[in-house]
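Using the sequences and the accompanying hints, generate a full structural model.
What follows is each chain in one-letter form.
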Amino acid sequence: MEILNELVNTLVQIFTTSGFATATWENYVMIAVSCVLLYLAIHKQFEPLLLLPIAFGMLLVNLYPNIMAQPSTELQTVADYIAEHGAANTNYAITVMDGVQYYNVPTTGGLFWYLYQGVKLGIYPPLIFLGVGAMTDFGPLIANPKSFILGAAAQLGIFITFIGAILLNFTTKQAGAIGIIGGADGPTAIFVTTRLAPELLGPIAVAAYSYMALVPIIQPPIMKALTTKKERMVVMTQLRPVSKLEKIIFPIIVTVIISLLLPDAASLVGMLMLGNLMKEAGVVDRIAKTAQNELMNIITIFLGTTVGATATGTVFLTPQTLGIVFLGLFAFCGGTAGGVLMGKLMCKLSGGKINPLIGSAGVSAVPMAARVSQKVGQAENPANFLLMHAMGPNVAGVIGSAVAAGVLISVLQ
Amino acid sequence: MGDDLFMTEFETSLVVLIAGLVIVFAVLFLLIGIIKGYGSIILAVMKSREAKRQEKKEKATAAAHAAAKSEAAPAPVPAAPAAVSEPAQDGIPGDVIAAIAAAVDFMYGAGTHVVTGVKRVTPNRSAWASAGMIESTRPF
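Going line by line, the protein sequences match chains S and U. For the first sequence, the working numbering begins at 3 and goes up steadily by one. For the second sequence, the working numbering begins at 293 and goes up steadily by one.
Just so you know, the hints here were simulated from the structure itself, not pulled from any lab data. There could be a bad hint or two in this list.
[Said to hold, decoys possible] Only some residues are given here: those of chain S computed to face chain U with a beta carbon under 10 Å: (1) I144; (2) K148; (3) F164; (4) R242; (5) F252; (6) V256; (7) L263; (8) A398.
[As the list claims (entries may be wrong)] With a straight-line Cα cutoff of 20 Å, these simulated EDC-like cross-link-like pairs (lysine to aspartate or glutamate) come out: (9) K175(S) with D296(U); (10) K246(S) with E342(U); (11) K175(S) with D295(U); (12) K349(U) with D397(U).
[To be verified] Examples of chain U residues lying across from chain S (beta carbon under 8 Å, computed): (13) E301; (14) T304; (15) S305; (16) L309; (17) V316; (18) V319; (19) L320; (20) I326; (21) I327; (22) K328; (23) Y330; (24) G331.
Computed from a prediction, not measured in an experiment: that's the story for all the values here. Using N, Cα and C, we set each Cβ at its ideal position, and we do this for glycine too.
And the structure:
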């Protein structure tokens, strides 16, 4: 009979510590959201490299919140501790309360908490930029430097959303961090938020990466609404070939100029250009390949899962977070619209030689935004190939959003 | 008091909006200027180098023709067609020899040389082994 009682007690104890008993309705809502994101990543293939780890991190943290638990210390009476573990190797600090001695026994944190430190300390974003740089061909931008104008115009959403966030009673620093979502650049958003509003890191990171992954859904309606069929059908002339020397000089010059003008953007732009120089120099192929593949993939896994793991139900389903998500979407749409409108202006000024659709690629999201320009352009004119033309504003957008980040940090910090 | 704070924050946000856009555009315009500048310099340098190389090539061709005329003998130049006319050399098909002769011609300039023979060399290691060796012994 006693054995049966023990068994029942054990089962009850397992149930009370299980997710069924501890999870709240918010957790279940977030589990449903993560399943939708997993569906979009796997079935619809919306940037699965980003969306899948984010969604799975979200799922895991809502099933087992302690996976993000930070390490702490637990008070245990000295007598109890020695009875359990023996007296050897106990050099923990002792606290005395009511005449009883307690050891301050450290407890380990959850797996994701440790991995999250790379996000929190702003280590992953520059490393991601190193990999992005090693994978990026700045040739289209060098061949057509006017693309920088589109990359700059697409940052419009950042600054307009900044005002929107102020109107919604966020502080100036928080507003700066929210606005940067409009750059459609996850690493930059994380980097700025760690410096301006670390308390909003979770929602901002989730919003930034989710919108990056949802570029194929968000951008096309805006692009179509702001352009005419005739403009979308514009065929652009082929870009000039770019010499190797130009490609090697480019990252060095950009690093020097931006680091001198905006030191706060130096770590992002510097790593981006280091990666690119490694690729273009052609003398460190092994390192360049590591940055492009192994390093980039490892950091993407860590970043994706831990960013997803910040979206716990209790933290995420609050009016403030929903406000951030809404403002982020507004910023992203504003950036897309800014790029397309500047593209229209350039189309007019160039006498119809520039297809305004490439302007939407001025939001960073490389290379998804450029692929969207190509897809929307080809839907109107199957013989039109805008991809390489859109890559110019796309990579200009990466530099543009890093510059915007530098401006926000230097003005608001 | 709350209204004052809001107005201050709103003014700050307008300053950030204007300053931000102006700085982003200014920095990127500066980059446009610099890229265009160094791009045109590099293109000009490359064009002049190309022109010089072309000039040298033409001079060499002219010299070879002059030498051939002065000897008043039928010159074996160009080599590639001669090689092609051979059915096979060392078991190598004629079209492969023609391709090799054309590659040599392209590298060293037409009329500056004569391909007298093509010999098959047995490699010490396979192509995969060579690629592996190069990959793992290349210095940092």
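Check each numbered hint from earlier against the structure, then list the numbers of those it violates in ascending order. none
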